[in-house]
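*Asks:* One line per chain: the protein sequences are A and B, in this order. Quick note: the first sequence uses our numbering, first residue 1, plus one each step. Quick note: the second sequence uses our numbering, first residue 580, plus one each step.
There could be a bad hint or two in this list.
To be verified - A few chain B residues that don't get close to chain A, going by computed Cβ distances all over 12 angstroms:
#1 Thr581
#2 Ile582
#3 Leu585
#4 Leu601
#5 Ala638
#6 Ala650
#7 Ala657
#8 Ser676
Said to hold, decoys possible - If you want the footprint, here are the derived chain B segments under chain A, 3+ residues with CB under 8 angstroms:
#9 606-617
#10 622-628
#11 660-667
Simulated from the structure, these hints should not be mistaken for laboratory data. Note that the coordinates shown come from a computational prediction; the quantities given were computed from them, not determined experimentally. Virtual Cβ for every residue (Gly too), placed ideally from N, Cα, C.
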Amino acid sequence: MMADAWTATAGGSLLAAIVLLPFVGMLFGLLLGGRWLYRVALGTMPMGLFLTFAIADRWADAKAPLAYVLGNWVPPLGIALRADGAAVAMLVMVAGVVCAIGLFARADFAPKPEASETRSTFTYWLLLLAIWGALNLVFVSGDLFTLYVALELLTFAGVPLVCLAGTAETLRAALRYMLFALFGSVLYLLGAVLLYGGYGTLDIPLLASTVRPDSIARIALALMTAGLLAKTALFPLHVWLPPAHGGAPAAASAVLSALVIKGSWFLVLRLWFDAMPAVVTLPAAQLLAGLGASAIVVGSIVALRQERLKLLVAYSTMAQIGYLFLMFPLAFEGGQLVQGPATHAGVLQAISHATAKAGMFMAAGLVYAGMGHDRIADLAGAARALPITMLAFAVSGLALMGVIPSGAYLSKKILLDAAEHSGQWWWTAVLQGGAVFTAGYLVLVLGSALRRPATPLSGVKPVSKLSQWMALALSVSSLLIAFAAIGMGNAELIKNPIEPDELATTLAVLLGGAVLAMGLARFPLPPGPTESPLRRLAMAPGVVLERLDNWVRRWTSATLLLILLAAVFVGLTRLGPAA
Amino acid sequence: MTIDNLFALAACALIGIGIYGLIAQPHPLRKLIAFNIMGSGVFVLFGALAKRGASAGLAADPVPQALLITAIVVAFAATAVTVALMLRLIEVSDSASLSESAPSPDRRDR
């Protein structure tokens with residue numbers, strides 16, 4: 001078994017190729033410059049997509065992880081690249097989303113023949129390729145140090161995307177993101193160094209076979225997890241996320257929100273499931289999912305209180321990050337963390353969130369470009385002016401809510417199943433309740449956009465057709481992901497969406513969402529008299545949570561919470577079954 | 580006190596100073612320096628571990644040194660990117676302070 005992990009498999013060299021391709025494209029683009037960069041970038045994307053299909057094909061043939069040993073130097077001295085099922089799925093998803101975002105960004109960032117080259121048209125394509133390459137490296141890396149380097153590459157490429165506009169506000173958001181991410185990464189590195197000191201290797205399979213639940217491993221796991229959570233922006237460590245994702249141009253926000261945070265999330269997955277399953281304990285996993293549940297509640301309610309569409313979508317990302325962590329306690333079987341249905345559900349959730357959220361940010365950006373603003377209260381008439389865009393927004397919202405046959409639906413079903421099996425009923429409540437919050441902001445935005453404007457809209461700028469279709473394509477693909485998963489043997493979980501049971505659930509969720517939207521939104525919905533005692537009462541929880549969010553997003557609180565979280569993780573990993 | 584303990588204590592002190600600076604110093608440049616101090620602590624620790632983990636007949640385990648030099652390059656790149664961001668921010672707004680954006684950025688009007 002161990003020896004197998006160190007020998008290259010057929011098709012292993014494809015893994016090196018998929019990591020190199022975006023970087024090669026980037027270097028060629030840099031060399032040729034100007035208008036060529038954009039063409040090179042767009043040319044690289046279908047090649048990458050094709051490569052990931054080839055990898056998926058080889059993986060399906062072999063029915064085993066692919067591996068490649070760089071320069072035939074066997075670990076622990078050398079470095080191996082590996083791709084298991086989760087990595088292959090993420091590779092394909094990222095390639096697909098990058099292609100769609102590239103086509104979407106054409107309208108904004110393709111160099112115009114009449115205008116001279118600008119900094120943002122130049123850097124955008126370089127950064128997009130760099131993010132793609134770094135993510136591919138995150139998915140296929142086989143050792144914790146290469147993962148560290150990949151994660152840093154991802155951050156260095158992500159931060160400048162935040163401040164493409166170059167205003168003081170976005171620069172401040174980028175600087176905050178950078179400094180907080182650096183704090184996270186140095187904690188991760190400290191953990192990796194301690195592990196090397198204790199076990200003499202950072203190769204994941206080798207580490208998994210030797211690691212014991214001693215204090216070195218516990219402290220290393222806690223430091224690395226806390227550092228990664230800071231980079232993933234899991235509540236309460238989301239200090240940098242709303243301004244960064246809300247302030248960047250739409251084509252950049254889509255990359256940051258859909259893809260970049262998935263990199264560090266995937267690393268938590270690798271760390272917990274592949275590298276140190278012997279060290280993690282159920283209480284620690286419960287804390288992780290508990291933070292996820294708080295992220296869903298706080299993020300969704302604060303999202304409902306936003307006045308601007310892009311910030312609403314940014315806070316919804318914060319809530320959706322919470323979902324990604326719900327599967328950790330549900331993956332325990334007999335006190336041991338095992339890869340099974342719950343991990344499939346987690347990866348499925350990540351994929352469906354990435355596609356839906358990219359579509360949603362694109363739609364929000366198109367609304368801003370078309371209407372000239374993105375104040376939710378003033379969106380009346382947007383649905384008539386920008387029908388495809390608003391349809392994309394609605395479809396991506398439905399996909400995030402988990403309507404059949406979206407990926408989120410299938411993932412929710414699998415997790416509900418796991419929660420029932422393991423008797424953890426409280427996660428059932430979170431899984432079911434989360435959809436109501438998502439429905440809330442969907443109803444809020446659509447309720448506003450579908451209204452008839454008081455005066456006929458004038459001055460709606462035409463937006464690129466291609467961009468609108470790309471937003472719709474991503475949203476629809478998220479809604480249809482469950483079909484792709486039928487091959488995984490979960491076909492019996494997909495029900496007919498208009499079956500009375502399912503229809504009733506969907507309607508109940510939408511109705512609950514409407515109530516939430518009416519109660520919590522800052523502006524009255526439907527428009528009417530604002531001040532009533534009932535309304536003030538309904539607003540109270542929103543106001544409280546918004547204050548909490550503001551406090552948590554202060555630098556001092558966020559950094560102290562980061563350290564505190566690391567300490568709590570050390571404590572919780574002691575509570576597990578004795579080794 | 581053995582030389583190992585001396586290195587370990589030095590690393591602890593550097594990491595502690597770095598964490599304090601990252602939390603408590605308001606200016607971004609000071610935060611960046613604190614990050615570098617904390618990073619140096621990690622590097623000292625890694626170097627000391629390399630010496631301790633050497634197998635018989637070798638002066639030091641070579642792997643940590645290879646990793647260490649990579650980590651130093653990464654930290655250097657991070658510092659360069661952050662300083663560039665800071666310079667740009669000062670150019671645009673005449674101050675490098677982060678605090679203006681701290682209270683409720685959703686209130687800002689576009």
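*Asks:* Against each hint, give a clear statement of whether it holds in the structure.
*Replies:* Taking the hints in turn, this is what the structure says about them:
With a minimum CB-CB distance of about 16 angstroms to chain A, B/Thr581 clears the 12 angstroms threshold, and the non-interface call stands. Every C-beta of chain A lies more than 12 angstroms from that of B/Ile582, the closest at about 16 angstroms, which supports listing it as non-interface. For B/Leu585, the condition that its CB be more than 12 angstroms from all CB atoms of chain A holds, with the nearest at approximately 16 angstroms. Non-interface call for B/Leu601 relative to chain A: violated, since the shortest CB-CB distance, roughly 5 angstroms, does not exceed 12 angstroms.
Every CB of chain A lies more than 12 angstroms from the CB of B/Ala638, the least distance being 17 angstroms, so the non-interface label holds. Under the 12 angstroms C-beta cut-off, the non-interface status given to B/Ala650 relative to chain A is violated; the minimum distance is some 6 angstroms. Not every C-beta of chain A lies more than 12 angstroms from that of B/Ala657, the closest at about 6 angstroms, which undercuts listing it as non-interface. A beta-carbon of chain A comes within 12 angstroms of the beta-carbon of B/Ser676; the shortest separation is about 8 angstroms.
With a cut-off of 8 angstroms between beta carbons, the segment 606-617 of chain B has 5 residues touching chain A; three or more are needed, and the interface restraint holds. Check result for the segment 622-628 of chain B against chain A: holds, 3 residues qualifying (beta carbon to beta carbon below 8 angstroms, three or more required). By the rule of at least three residues with a Cβ nearer than 8 angstroms to a Cβ of chain A, the coverage given for the segment 660-667 of chain B holds, with 5 such residues.
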